[in-house]
Amino acid sequence: MNTNLKISNVTKIYPGCVANDNVSLEFNSGKIYALLGENGAGKSTLVKILSGVIIPDEGEIYLNKNNLKLNSPLDAKKNDIGMVFQHFNLFETLSVFENLIIDSDEQRESLREKIDSIMKKYNFSIDLDIPVLNLSAGQKQKVEIIRCLIRNPKVLIMDEPTSVLTEQETSELFLSLKKFSEEGILIIYITHKLKEVMQLCDEVAVMRRGKLVSVSEIKNENIESLANKMVGQNLKTIKKKKAKTSSDQLIKITNLNFTSEDPFETNLMDINFSVNRGECLGIAGISGNGQSELFQVLSGEIISDKNCIEFNNNYIGDLDPQERREYLMAFSPEDRLEQAAIPQMKIFENVALNNFKSSNFFNNGLINENKIKEHSKKIISDFNVNTDNIELKSQFLSGGNLQKLIIGRELITSPDLLICFNPTWGLDVGAINYIHETLIKINEQNKSIILISTDTDELLKLSDKISVIHKGKLSKIMNAEEVTSEKLGILMGGVN
Amino acid sequence: MIIDINFIGLIIASIMASAVPLILASCGELITERSGVLNLGVEGMMIIGAISGFALMTVTGSLIIAIFGAMLAGVLISTIFAFLTQTLITNHVATGLALTIFGIGISAMIGKNFVGIPGKEFPVLFENLKDTIPLIGPILFGHSIVFYFAFTLPFITSYFLKKTKIGLIVRAVGDSPESASNQGINVRLVRYLCILYGGAMSGLAGAYLSMIYTPQWIENMTGGRGWIALALVVFSTWNPIKILIGAMIFGGLTIIQFHMQAIGVRIPVQFLTALPYIVTIIVLVVISRDSRKIRLSTPSSLGKSFHKDN
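Note that the protein sequences, when read in sequence, are chains A and B.
Residues are numbered in our numbering as their position in the first sequence, beginning at 1, plus a constant of 259.
Under our numbering, the second sequence has 109 at position 115, and the numbering climbs by one with no breaks.
Please note: incorrect hints may appear among the correct ones.
Stated by the list, open to error - Which chain B residues face chain A? A few, computed with CB under 8 angstroms, are given here: (1) S285; (2) I288; (3) L290.
What the hints assert, rightly or not - Derived lysine to aspartate or glutamate pairs resembling EDC-like cross-links, with alpha carbons at most 16 angstroms apart: (4) B/K159 - A/E365; (5) B/K157 - A/D364; (6) B/K156 - A/D461; (7) B/K157 - A/D388.
Stated by the list, open to error - Calculated Cβ distances over 10 angstroms to all of chain A for the following chain B residues: (8) I(-1); (9) S8; (10) T52; (11) L70; (12) I74; (13) L78; (14) P117; (15) L162; (16) I179; (17) R182; (18) F252; (19) P270; (20) S299.
Everything labelled a hint here was simulated from the structure, so no lab data went into it.
Small disclaimer: the values here were computed from a predicted structure and weren't measured.
Using N, Cα and C, we set each Cβ at its ideal position, and we do this for glycine too.
Isolated chain A, as found in the complex (with noise of 0.2 angstroms):
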């Protein structure tokens, strides 16, 4: 059977902020839709309310021609809509059946009987009686999804689904979407990954600050096209000019080791690169190889030896980051909320937070706080943060606006060397744009990055040279232009 899902005229308004205005959508079942839209564009309110996590202010659905009420989640799933979350809704603590069970009216056994039959379905195992807290984040979202297909849905709504899921995980996750849409499941998928959209989906609706900005065909579509609608201008090429060859070194790495006492973290074995002025050195890696840590004592929250890190002609392996800075060196690390920024802070109390020596913060321990506002408004409107509050709580900012905040914090120092870890992690094309744009300009200032991501395409296109790490090891130093994303890729994968 066909089902028809319809939008009508939906709005919903925060204070300050329209979330839906006047949103009108139509999908059939038998094919992906994708709804494409930055951070902050209304995608995810439009789908919260059609699961029925927040009531609109105006507007109607219906499917199969029913106007439905959706008061609640309840609704929703009542009504065969079933959705999986970004941040997943499962109790960590109980096991995967009680997971299952909890919102179910059948019995223990008809109940395991039936997730028996839709695991071996779609070739997924999940032990159902290990606490979901043991399962990766791919395991979880397939819970998340088992739990809709109990239900027998007619249209499935995924939420930014590949956020937490790795490339295998992702592939796996698409074909069993594919075979969803196969049976007649309505399947909506958000996202502001472009690339998933053209591999994934057969329609596209691109939503911009609330509004529904077009609805078109993925193949009358291109990667551009589509960036260009979900933006609303044309997105500049951004292309590297060489850098002018230096050979004035600037920091230079020697017989770096690192052995861990937790067992979950990656030892370093062998550390050797030197980095020139005015040059972006690029780490790429699967996560997990030993990237956190040589951020770290880089960044000096692990110390080392006093010789193996040499920075201006100063041995600084034993320093602490407050002490690091002073010889201009900046961080920004992956983990934007829990060591970037602090969450509960303003804004320019986290300003603060970098307290270098000539900033004049504090007085005689006493807190400046006009000249800290008057630091924070430059950061603001020199990094084009899209706030002009700087009361604000840092964790009530989008993370591309985070981002620019914590590299404005960063770069106001004009230091020598930036060393960033995933600065474009989970941000939409328009912030990663300026972000790139930004590392740019410092290169072209005679500055240099040292830039560990686990983004192939932002490592060719920012990094002069580029080095691999894998389990703790680095590869050898390559000529960015010497190198092609199947060369990482074999290199990533730890042959050599």
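Add chain B to chain A, keeping to what the hints say.
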């Protein structure tokens, strides 16, 4: 010296009797905490139960009305807590502490007229079987209905949490109220009910003290048992069976240290009085060391307010 075997039985029975209020209050609080609510008002709810039970017994003369009235009083005072923390989203810790202070104060005020009034005798069950089996007889028989209820409660609680759908829902709410809400579970309702249940059990524990254990009203007669009950829940890592063990150790040491003081053992009295607290905590910490199990049984959202936004 010949030790009468029935005397040992009597000591064990008295240890069990002193454990009853701890088991009742802890098992109630355990359900509350498993739903993610930290109610530090146990002591206050217990003492309200104690005075309500005793007052109703004296006024109405009915033990049944008194027992259920005490539970109802516990429910009513915990409703205040539930309304404040769940509807007005106040801080759990501060509200719970206020509840205890409130309970102690109001019970002293109501209790003024009941000081010095003798209590009534509470009927015991299976009294005639007491002497049929040596040692076991005095342990198993001749106790009040509340006593038997208390010793089955940890098992019922354990079964409820592990095997029933509602128990699963309680655990789910305590694990992640956001997920539960997105699954269509009414988090606020579940938490309200768990708080009220905890109130009822604390009320019953209080009534046991003032009507059965020492049948009279003395101001502040709970004497910190509510706090011990709270500690038992945490140190048992939210496991009802371990609560039973902990309550028995605590009750046992309390009784034994009295006897030791009476015999005149040369250990400072202060140390003897502190002994039950120290040993109970040490034992529970030692038997609950498995960090994986702690992670699995600790309600992740404990003490955090949940506010659903639309």
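Results of checking the hints against the structure:
1. S285: violated (13 angstroms)
2. I288: violated (10 angstroms)
3. L290: holds (5 angstroms)
4. B/K159 - A/E365: holds (11 angstroms)
5. B/K157 - A/D364: Holds, at roughly 15 angstroms.
6. B/K156 - A/D461: Violated, because 45 angstroms separates the two Cα atoms, which is more than 16 angstroms.
7. B/K157 - A/D388: holds (14 angstroms)
8. I(-1): At about 46 angstroms from chain A, B/I(-1) clears the 10 angstroms cut-off, so the statement holds.
9. S8: holds (38 angstroms)
10. T52: Correct as stated: the minimum Cβ-Cβ distance to chain A is 46 angstroms, above 10 angstroms.
11. L70: Answer for B/L70: holds, closest chain A Cβ roughly 30 angstroms.
12. I74: holds (28 angstroms)
13. L78: It holds; B/L78 is separated from chain A by about 24 angstroms at its closest Cβ, greater than 10 angstroms.
14. P117: It holds; B/P117 is separated from chain A by about 42 angstroms at its closest Cβ, greater than 10 angstroms.
15. L162: Given that some Cβ of chain A is not farther than 10 angstroms from that of B/L162, nearest at about 6 angstroms, it is violated.
16. I179: violated (8 angstroms)
17. R182: holds (13 angstroms)
18. F252: holds (41 angstroms)
19. P270: holds (31 angstroms)
20. S299: holds (15 angstroms)
Of the hints listed earlier, those the structure fails to meet are numbers 1, 2, 6, 15, 16, in rising order.
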